[in-house]
Amino acid sequence: MSEKKKRIAIIASKADIPGAYPPLLLATTAAAMDYEVGIFFTFFGLNLLKKKKLKKIKITPAGETAMPMPIPQIVGMLPGMTGMATLMMKSWMKKANVATLQELMDIAVESGVELIACEMTKAVMKIKDKDLIENCTPGGAATFLEFASEAEITLYI
Amino acid sequence: MSEKKKRIAIIASKADIPGAYPPLLLATTAAAMDYEVGIFFTFFGLNLLKKKKLKKIKITPAGETAMPMPIPQIVGMLPGMTGMATLMMKSWMKKANVATLQELMDIAVESGVELIACEMTKAVMKIKDKDLIENCTPGGAATFLEFASEAEITLYI
Amino acid sequence: MSEKKKRIAIIASKADIPGAYPPLLLATTAAAMDYEVGIFFTFFGLNLLKKKKLKKIKITPAGETAMPMPIPQIVGMLPGMTGMATLMMKSWMKKANVATLQELMDIAVESGVELIACEMTKAVMKIKDKDLIENCTPGGAATFLEFASEAEITLYI
Numbered sequence: 001m002s003e004k005k006k007r008i009a010i011i012a013s014k015a016d017i018p019g020a021y022p023p024l025l026l027a028t029t030a031a032a033m034d035y036e037v038g039i040f041f042t043f044f045g046l047n048l049l050k051k052k053k054l055k056k057i058k059i060t061p062a063g064e065t066a067m068p069m070p071i072p073q074i075v076g077m078l079p080g081m082t083g084m085a086t087l088m089m090k091s092w093m094k095k096a097n098v099a100t101l102q103e104l105m106d107i108a109v110e111s112g113v114e115l116i117a118c119e120m121t122k123a124v125m126k127i128k129d130k131d132l133i134e135n136c137t138p139g140g141a142a143t144f145l146e147f148a149s150e151a152e153i154t155l156y157i
Numbered sequence: 001m002s003e004k005k006k007r008i009a010i011i012a013s014k015a016d017i018p019g020a021y022p023p024l025l026l027a028t029t030a031a032a033m034d035y036e037v038g039i040f041f042t043f044f045g046l047n048l049l050k051k052k053k054l055k056k057i058k059i060t061p062a063g064e065t066a067m068p069m070p071i072p073q074i075v076g077m078l079p080g081m082t083g084m085a086t087l088m089m090k091s092w093m094k095k096a097n098v099a100t101l102q103e104l105m106d107i108a109v110e111s112g113v114e115l116i117a118c119e120m121t122k123a124v125m126k127i128k129d130k131d132l133i134e135n136c137t138p139g140g141a142a143t144f145l146e147f148a149s150e151a152e153i154t155l156y157i
Numbered sequence: 001m002s003e004k005k006k007r008i009a010i011i012a013s014k015a016d017i018p019g020a021y022p023p024l025l026l027a028t029t030a031a032a033m034d035y036e037v038g039i040f041f042t043f044f045g046l047n048l049l050k051k052k053k054l055k056k057i058k059i060t061p062a063g064e065t066a067m068p069m070p071i072p073q074i075v076g077m078l079p080g081m082t083g084m085a086t087l088m089m090k091s092w093m094k095k096a097n098v099a100t101l102q103e104l105m106d107i108a109v110e111s112g113v114e115l116i117a118c119e120m121t122k123a124v125m126k127i128k129d130k131d132l133i134e135n136c137t138p139g140g141a142a143t144f145l146e147f148a149s150e151a152e153i154t155l156y157i
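Chains as they are written, first to last, in the numbering used here: chain A, 1 to 157; chain B, 1 to 157; chain C, 1 to 157.
These aren't lab readings, by the way, just hints derived from the structure by calculation. Please note that the accuracy of each hint is not assured.
Treat identical chains as interchangeable: a pair holds within one or across any two.
Below, in silico cross-link-like pairs of lysine-lysine (DSS-like), each with a Cα-Cα straight-line distance of 25 angstroms or less [to be verified]:
1. LYS50 - LYS94
2. LYS50 - LYS4
3. LYS122 - LYS90
4. LYS126 - LYS55
5. LYS6 - LYS94
Start from the sequences, fold in the hints, and give me the full structure.
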């Protein structure tokens with residue numbers, strides 16, 4: 001008497017820390033709850049599927065008015081500040097025992113999360129299959145829509 | 001013959017004006033339509049649950065290319081411009097009789113909207129329960145997923 | 001024996017290139033798959049419904065840490081860089097045969113995609129009906145929620 005699994009369909013469209021963590025955290029949590037999980041990596045989000053990329057994901061204080069330690073906008077623009085904000089954020093997350101992006105991606109792969117690499121973005125950004133991790137499959141907007149139309153939860157991040 | 005209520009599940013992940021208004025506007029509208037409503041406040045969005053915080057939510061013209069009155073990027077970076085853009089936006093909203101964020105949050109609380117404070121974000125940003133308004137409850141990604149999996153509408157803002 | 005069509009409900013809240021393409025790409029793809037499609041244009045996203053506006057939609061490198069060719073934050077702030085990043089992105093998209101925003105909007109209109117112009121945003125930004133394209137209809141958050149509550153896929157972009 002197998003019951004249909006719950007399903008979550010996520011679009012990951014960003015590649016900075018506040019855009020990279022939520023899809024991977026939600027996907028791995030849902031997989032642990034025995035949901036079927038699919039993530040469509042598109043636009044800047046496709047960068048998350050690049051080999052050896054996740055360590056380089058950054059946070060930028062530009063345009064963020066709600067950093068815990070507020071940084072004036074113009075200071076946030078200085079090139080060194082992106083690195084500093086990234087280090088601060090990574091240090092806070094480590095102290096709170098949050099997994100790294102790479103650890104979350106490894107769990108996602110092991111849990112069978114479907115990782116779809118947007119073909120249009122690959123063409124626009126001239127990204128080759130060999131630039132991407134091996135556990136993803138190519139797909140388009142139609143692939144995502146078909147998967148998502150049977151999902152209980154659909155999120156664009 | 002009670003019918004199951006419709007449900008909407010929202011993730012609020014941002015804490016500037018364009019990120020703070022939509023979850024509260026949609027939540028209060030849905031509550032007025034007798035929907036069951038839950039908001040999961042996570043990442044920067046958790047700031048919206050801080051005591052006495054909503055008055056200080058700002059808009060920043062940095063990275064916004066579609067402000068009604070276009071502001072060159074470098075000017076948008078000057079520290080005073082965030083304040084100026086915020087004042088302009090607040091003045092436009094007041095003239096259009098839009099409720100303040102605090103008023104919307106009060107309505108949300110009175111309407112029984114479920115306000116979930118992300119526990120991981122609390123740990124990362126060292127936010128204590130006493131820093132948050134009293135009407136929220138702690139929860140994690142799994143709490144949100146369980147609520148959302150029974151919802152008609154799921155949105156990541 | 002007509003079957004109920006699948007439905008997708010999208011909120012378009014942004015008006016730069018990474019915010020404008022996804023709603024129009026997903027909407028036109030879904031329409032081609034014979035889905036019922038509705039887009040609620042609100043906040044900055046309402047700009048996408050302005051007459052003669054879509055050609056002027058820009059990308060700004062500010063706050064983007066994942067542009068394919070990384071640009072230091074402070075350089076990204078110089079006024080000319082928004083234009084340069086926009087030109088680069090448009091050139092990449094053209095080479096990859098991606099339709100323009102105007103072409104996608106034309107397809108959306110021809111396919112019967114419901115284009116809802118947020119009335120609150122119109123009031124706040126003093127946008128008149130005559131400023132908007134003719135194929136949109138005015139509506140509020142409640143209009144969107146009613147449409148979305150019967151949709152298989154709901155996305156906030």
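Results for each hint:
1. In the homo-oligomer, the alpha carbons of LYS50 and LYS94 lie at most 25 angstroms apart both inside one protomer (23 angstroms) and across protomers (23 angstroms), since each shortest distance falls under that limit.
2. For the identical chains of this complex, LYS50 and LYS4 are neighbours neither inside a copy (32 angstroms) nor across copies (40 angstroms), given an alpha-carbon limit of 25 angstroms.
3. For a Cα distance limit of 25 angstroms, the shortest separation of LYS122 from LYS90 across copies, 15 angstroms, qualifies, whereas the shortest one inside one copy, 29 angstroms, does not.
4. For the homomeric pair LYS126 and LYS55, the shortest alpha-carbon distances inside one copy (21 angstroms) and between copies (24 angstroms) are both at most 25 angstroms.
5. Within a single copy, LYS6 and LYS94 get their C-alpha atoms no closer than 31 angstroms, and across copies no closer than 39 angstroms, so neither meets the 25 angstroms cut-off.
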